[in-house]
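Peer 1: Sequence:
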Amino acid sequence: MAKLEIHQFPTRGDNYGVLIHDPVTEATASIDAPDADEVLAALHEKGWVLTHILVTHHHSDHTAGNKALKHKTGCTIIGPALEARSIPGIDVKVAEGDTVDIGETRATVIETPGHTKGHVSYYFPKDGIVFVGDTLFSVGCGKLLEGDAPTMWSSLEKLMILPRDTQVYCGHEYTNANCRFALTIEPENDALQARAAEVAKLAERGAPSLPSTIGQELDTNPFLRPASPDIRTRLDMEGSAPAEVFAEIRRRKDRF
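Numbering-wise, the sequence shown is residues 19 to 274 according to our numbering.
For the record, the hints were derived by calculation from the structure and aren't laboratory data. These figures come from a predicted structure and were not determined experimentally. Warning: the hint list may mix true and false statements.
Said to hold, decoys possible - Restraint ranges, calculated between C-beta atoms of paired labels, are given here:
1. Ser-258 to Val-67: 49 to 59 Å
2. Arg-269 to Glu-175: 13 to 23 Å
3. Lys-144 to Glu-256: 18 to 28 Å
4. Ala-259 to Arg-124: 27 to 37 Å
5. Thr-117 to Arg-30: 21 to 31 Å
6. Glu-122 to Arg-223: 31 to 41 Å
7. Ala-221 to Gly-146: 18 to 28 Å
8. Gly-92 to Arg-269: 39 to 49 Å
9. Gly-233 to Arg-30: 26 to 36 Å
10. Asp-55 to Ser-258: 44 to 54 Å
11. Asp-32 to His-89: 21 to 31 Å
12. Asp-55 to Arg-124: 43 to 53 Å
Even for Gly, the Cβ is constructed at its ideal location relative to N, Cα and C.
From just these sequences and the hints, can you work out the full model?
Peer 2: Here's what the structure looks like:
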């Protein structure tokens, strides 16, 4: 089986669009559809024809292009069953453990609520890639807009157990700001210091900080590190459950 080809491009200011392409069958999926014109331009640049849209959640900055792209290409729109009523043009509803075939490659659906009630992530195990929408950001995580801290922590735990070398594609470029906050939570973390310096240089050039990897996030992302003794000491939460430490970090980020 040939490896997926991936094309990531900025859109709508701080969003990312991502196209994935199976070179054997020519099947091509857009991960979310932030802007129809920009997705079409990316397709034209690559010479690919859209066959699917994989929707992570219902927010308009991830679904605004759905109907126009479906009208132009006849693509199949796949998205979370729990948010189907809010996803324009949805054809196929998916939930935890379902699989999605894009040509000869297959994704497993992981329900990752917290940012929204029905948010899903798409994990391609043979390609070592996960598309996490707005659940996990590099050195950050999504705001709890429709869920609570225990729900989001449970979702993040599902992603944390993926292989360390799994590439992580997120919905937004927030890493530079996330690093500045993370250094207030765990300033003694050498891996985080190195990541922050790297990302600052990338930001100066307007270069993307994504994809990252699960391993990199486990080493640098405070939202995945509530077991860190340094974090627990700094927050005065040595005896607290991981979900409680996570909740306090999220509260501090909301006020940062």
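Peer 1: For each hint, tell me whether it holds in the structure or not.
Peer 2: To see whether the hints hold, each was checked on the structure:
1. Ser-258 to Val-67: 49 to 59 Å: For Ser-258 and Val-67 the Cβ distance comes to about 51 Å; the hint holds.
2. Arg-269 to Glu-175: 13 to 23 Å: Given range 13 to 23 Å: holds, Cβ gap about 19 Å.
3. Lys-144 to Glu-256: 18 to 28 Å: Given range 18 to 28 Å: violated, Cβ gap about 41 Å.
4. Ala-259 to Arg-124: 27 to 37 Å: holds, 35 Å
5. Thr-117 to Arg-30: 21 to 31 Å: Because 29 Å falls inside the window, the suggested range holds.
6. Glu-122 to Arg-223: 31 to 41 Å: Holds, since Glu-122 and Arg-223 (Cβ atoms, about 36 Å apart) stay within the stated range.
7. Ala-221 to Gly-146: 18 to 28 Å: holds, 26 Å
8. Gly-92 to Arg-269: 39 to 49 Å: Check passed, 45 Å falls within 39 to 49 Å.
9. Gly-233 to Arg-30: 26 to 36 Å: Once the Cβ atoms are compared, 29 Å apart, the range 26 to 36 Å for Arg-30 and Gly-233 holds.
10. Asp-55 to Ser-258: 44 to 54 Å: Since the Cβ atoms of Asp-55 and Ser-258 sit about 47 Å apart, the hinted range of 44 to 54 Å holds.
11. Asp-32 to His-89: 21 to 31 Å: holds, 27 Å
12. Asp-55 to Arg-124: 43 to 53 Å: violated, 30 Å
In the structure shown, a violation is registered for the earlier hints numbered 3 and 12, in ascending order.
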